[in-house]
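Chains as they are written, first to last, in the UniProt record's numbering: chain A, 1 to 367; chain B, 1 to 402.
A couple of the hints might just be wrong.
Below 27 angstroms or equal to it, Euclidean Cα-Cα: the simulated BS3-like pairs (lysine-lysine) are [said to hold, decoys possible]:
{"#": "1", "chain 1": "B", "residue 1": "386", "chain 2": "A", "residue 2": "227"}
{"#": "2", "chain 1": "A", "residue 1": "217", "chain 2": "A", "residue 2": "127"}
{"#": "3", "chain 1": "B", "residue 1": "127", "chain 2": "B", "residue 2": "8"}
{"#": "4", "chain 1": "A", "residue 1": "210", "chain 2": "B", "residue 2": "387"}
{"#": "5", "chain 1": "B", "residue 1": "205", "chain 2": "A", "residue 2": "259"}
{"#": "6", "chain 1": "B", "residue 1": "386", "chain 2": "A", "residue 2": "256"}
{"#": "7", "chain 1": "A", "residue 1": "123", "chain 2": "A", "residue 2": "263"}
If you're looking for bench data, these hints aren't it; they were derived computationally from the structure.
Quantities reported herein were computed from a predicted structural model and do not represent experimental measurements.
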Amino acid sequence: DTSLAEVNSFSPSMPMSPSSMINKYKFQDEPELRDLFITVDDPESHITAIETFITYRVITKTSRGEFDSSEYEVRRRYQDFLWLKSKLEEAHPTLIIPPLPEKFIMKGMVERFSDEFIETRRKALHKFLNRIADHPTLTFNEDFKIFLTAQSWELSSHKKQGPGLLSRMGQTVRAVASSVRGGVKNRPEMFTEMNDYMETFSQKINVLDKIAHRIYKEEREYFNEMKEYGPIHTLWSASEEDIADSLKGVASCIDKCCKATEKRMAGLSENLLPILHEYVLYSEILMSVLKRRDQIQSELNSRVDALVNKKTEKYLFSEEIGKLEDKVECANNALKADWDRWKQNMQCDMRSTFTSVAENNLRYYEE
Amino acid sequence: VEDCLAKKMEITVSEAEKRTGRNAMNMQETYTAYLIETRAVESQSEGQCAPVDSLWRRYSEFELLRNYLSVTYPHIVVPPLPEKRADFVWHKLSADNMDPDFVERRRIGLENFLLRVASHPVLCQDKIFYSFLTQEGGWKEMVNETGFQLKADSRLKALNATFRVKNPDKRFTELKHYSDELQSVISHLLRVRARVADRLYGVYKVHGNYGRVFSEWSAIEKEMGDGLQSAGHHMDVYAASIDDILEEEEHYADQLKEYLFYAEALRAVCRKHELMQYDLEMAAQDLTSKKQQCEELATGTVRTFSLKGMTSKLFGQETPEQREAKIKILEEQIQEGEEQLKCKNLEGRDFVKSAWADIERFKEQKNHDLKEALISYAVMQISMCKKGIQVWTNAKECFSKM
Numbered sequence: 001d002t003s004l005a006e007v008n009s010f011s012p013s014m015p016m017s018p019s020s021m022i023n024k025y026k027f028q029d030e031p032e033l034r035d036l037f038i039t040v041d042d043p044e045s046h047i048t049a050i051e052t053f054i055t056y057r058v059i060t061k062t063s064r065g066e067f068d069s070s071e072y073e074v075r076r077r078y079q080d081f082l083w084l085k086s087k088l089e090e091a092h093p094t095l096i097i098p099p100l101p102e103k104f105i106m107k108g109m110v111e112r113f114s115d116e117f118i119e120t121r122r123k124a125l126h127k128f129l130n131r132i133a134d135h136p137t138l139t140f141n142e143d144f145k146i147f148l149t150a151q152s153w154e155l156s157s158h159k160k161q162g163p164g165l166l167s168r169m170g171q172t173v174r175a176v177a178s179s180v181r182g183g184v185k186n187r188p189e190m191f192t193e194m195n196d197y198m199e200t201f202s203q204k205i206n207v208l209d210k211i212a213h214r215i216y217k218e219e220r221e222y223f224n225e226m227k228e229y230g231p232i233h234t235l236w237s238a239s240e241e242d243i244a245d246s247l248k249g250v251a252s253c254i255d256k257c258c259k260a261t262e263k264r265m266a267g268l269s270e271n272l273l274p275i276l277h278e279y280v281l282y283s284e285i286l287m288s289v290l291k292r293r294d295q296i297q298s299e300l301n302s303r304v305d306a307l308v309n310k311k312t313e314k315y316l317f318s319e320e321i322g323k324l325e326d327k328v329e330c331a332n333n334a335l336k337a338d339w340d341r342w343k344q345n346m347q348c349d350m351r352s353t354f355t356s357v358a359e360n361n362l363r364y365y366e367e
Numbered sequence: 001v002e003d004c005l006a007k008k009m010e011i012t013v014s015e016a017e018k019r020t021g022r023n024a025m026n027m028q029e030t031y032t033a034y035l036i037e038t039r040a041v042e043s044q045s046e047g048q049c050a051p052v053d054s055l056w057r058r059y060s061e062f063e064l065l066r067n068y069l070s071v072t073y074p075h076i077v078v079p080p081l082p083e084k085r086a087d088f089v090w091h092k093l094s095a096d097n098m099d100p101d102f103v104e105r106r107r108i109g110l111e112n113f114l115l116r117v118a119s120h121p122v123l124c125q126d127k128i129f130y131s132f133l134t135q136e137g138g139w140k141e142m143v144n145e146t147g148f149q150l151k152a153d154s155r156l157k158a159l160n161a162t163f164r165v166k167n168p169d170k171r172f173t174e175l176k177h178y179s180d181e182l183q184s185v186i187s188h189l190l191r192v193r194a195r196v197a198d199r200l201y202g203v204y205k206v207h208g209n210y211g212r213v214f215s216e217w218s219a220i221e222k223e224m225g226d227g228l229q230s231a232g233h234h235m236d237v238y239a240a241s242i243d244d245i246l247e248e249e250e251h252y253a254d255q256l257k258e259y260l261f262y263a264e265a266l267r268a269v270c271r272k273h274e275l276m277q278y279d280l281e282m283a284a285q286d287l288t289s290k291k292q293q294c295e296e297l298a299t300g301t302v303r304t305f306s307l308k309g310m311t312s313k314l315f316g317q318e319t320p321e322q323r324e325a326k327i328k329i330l331e332e333q334i335q336e337g338e339e340q341l342k343c344k345n346l347e348g349r350d351f352v353k354s355a356w357a358d359i360e361r362f363k364e365q366k367n368h369d370l371k372e373a374l375i376s377y378a379v380m381q382i383s384m385c386k387k388g389i390q391v392w393t394n395a396k397e398c399f400s401k402m
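Using the sequences provided together with the hints, build the complete structure.
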């Protein structure tokens with residue numbers, strides 16, 4: 001049963017005491033002290049007999065000692081990112097792992113391998129890796145390091161090691177079995193509050209995402225009509241003498257407004273839409289992190305219940321209970337600290353995104 | 001122009017009222033009546049103000065007045081009425097004639113019409129027009145008594161019928177092309193403008209959704225709450241601002257619409273000239289053929305084939321007396337015809353002279369008015385941008401405090 005030992009990059013086999021864990025998780029984000037720089041670019045299409053897929057170039061520059069070199073260039077495909085995410089979730093079940101862009105987009109007319117789709121995905125993948133790099137714990141994860149540095153064949157062989165499919169399936173089965181409606185027993189108040197918060201937040205962020213898309217759509221329709229509006233004035237000026245110049249002037253103004261509208265739209269699609277989408281995904285992630293915490297708690301609960309029923313064998317269970325209690329406390333502390341950090345970042349992101357939306361609109365009206 | 005009615009009399013269409021009555025087929029109908037108020041302009045001395053006269057008229061009476069003016073002054077570009085039915089509507093605007101916004105815009109349009117007529121150097125002197133403004137009862141009968149309907153040429157009603165004119169006046173032909181182009185381009189512009197307005201409305205209104213969501217979201221936030229809440233309020237202000245903006249733009253659209261209809265009036269003058277020219281050519285042609293006939297009868301030579309000529313050959317020739325009688329009739333007709341032709345030529349020249357004077361006047365008015373309209377449109381756009389800057393500056397401040 002591998003779930004007993006907390007697998008982390010500091011001590012793979014020795015569980016740490018709760019107090020030292022708390023210290024570890026109180027880390028604040030310090031972007032000025034960043035020593036790991038990652039870019040994701042240059043999407044390339046690969047065609048084999050079986051499939052077509054895209055790889056992205058991942059460039060890492062670092063001054064960290066534990067990296068053999070200061071610069072790495074590797075190519076990764078979407079599957080590799082999925083692998084990384086699941087490894088991080090495995091290693092840190094109650095940390096908030098950043099969202100990955102979805103496998104494919106159902107809505108809209110975006111084709112699977114259209115330039116727009118690839119670019120949106122590339123930006124999201126870039127964001128994903130950088131968020132991990134900025135995370136005080138995840139940034140030191142071994143699988144993360146391998147992802148950034150290993151050549152493709154090295155990564156393939158590394159992927160084949162580690163807990164197999166069966167154990168992962170086991171975890172999923174347990175997760176389904178233990179999802180109790182109305183929350184788990186003995187859940188600390190703070191996590192119920194978090195749950196309530198996330199339910200509302202999730203609702204609101206989804207609505208905001210829809211509103212933002214709707215605004216983009218309306219702006220695009222407006223742009224399409226405006227494109228036709230200006231030239232009519234030019235056409236009219238051809239029949240006039242006295243007012244020809246005035247009409248041409250209006251035509252050129254309308255065309256300039258058109259260009260400003262295009263910029264406004266671009267601002268929206270480059271800034272607001274990706275961030276809102278990211279937080280829609282984040283809200284899903286947070287709900288599942290809370291569930292995983294509940295799951296760890298319910299393991300403890302069921303063992304404690306078993307103990308109550310079998311009083312004679314109490315001494316046999318106490319060590320196991322002790323380990324489970326530690327596990328729950330670690331999970332809670334990890335989540336609490338990461339939650340605080342996530343909230344700070346969310347606030348920051350929302351503030352800066354919406355401020356730039358306002359600036360975008362100001363620029364539009366000024367132009 | 002110094003003596004035009006507009007300078008001597010203040011004219012307003014100040015109110016509109018819904019009425020019910022019975023129509024010609026004794027069926028109940030609802031219509032709108034408009035109050036026309038007139039007051040003599042006195043020099044402002046010691047606050048003396050002349051009393052206001054007023055009477056009620058409905059749209060159909062305005063139409064009757066305009067028809068009368070069009071027929072009675074065919075060489076004048078007669079000011080148009082505001083549209084009968086709402087056209088070029090974008091979705092928010094109602095196409096219903098009884099809608100209060102439509103009625104209000106029509107009230108303004110009717111006042112504008114009366115002012116245009118009152119400031120026209122020729123039209124303002126018309127007695128029927130004066131009575132329209134001042135005489136409540138019996139005006140309709142007065143108009144019908146002028147018999148103007150008889151003067152109206154039904155051929156003009158067929159708008160697209162062509163009269164094959166052999167020697168068209170180039171200036172009028174060009175003017176007719178211009179009026180066609182003007183009509184086509186302004187209606188295209190108005191259609192697209194309506195669509196642009198619709199889309200702009202959409203953009204603004206969707207932002208209103210932010211307000212509600214921000215407010216609901218702020219309830220679960222501690223530090224971000226205030227910023228979100230107040231930003232949401234500004235989004236509501238932004239969304240609401242489009243209503244006034246687009247209402248103002250409707251006035252601009254109405255100004256363009258007036259010239260859309262003016263283009264029709266301009267075209268009508270060209271058509272009347274065309275018809276005059278056609279009648280003139282027909283009359284000249286008729287005269288020439290009669291002269292020819294006369295000559296043939298007198299000399300006995302047949303230059304042109306005619307069925308009569310053939311039948312007379314087949315069934316025996318006419319007696320000299322019959323022939324003399326015919327010649328006499330023809331000579332009378334020819335004399336009449338020549339006088340008529342002289343008249344028509346004079347009429348034609350007068351028409352061209354006075355029409356062209358009014359066309360020049362119209363051109364100047366059009367250029368001036370359209371330029372003013374374009375300027376006011378630009379001013380409106382600037383004001384809209386300024387409002388946008390204000391709202392987003394406020395919103396930005398709220399967001400930065402989140």
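Tested hints:
| no. | hint | in the structure |
| --- | --- | --- |
| 1 | B:386 <-> A:227 | holds (23 angstroms) |
| 2 | A:217 <-> A:127 | holds (25 angstroms) |
| 3 | B:127 <-> B:8 | holds (15 angstroms) |
| 4 | A:210 <-> B:387 | holds (26 angstroms) |
| 5 | B:205 <-> A:259 | holds (22 angstroms) |
| 6 | B:386 <-> A:256 | holds (17 angstroms) |
| 7 | A:123 <-> A:263 | holds (19 angstroms) |
Figure legend: structure checked against the earlier numbered hints; every hint is met.
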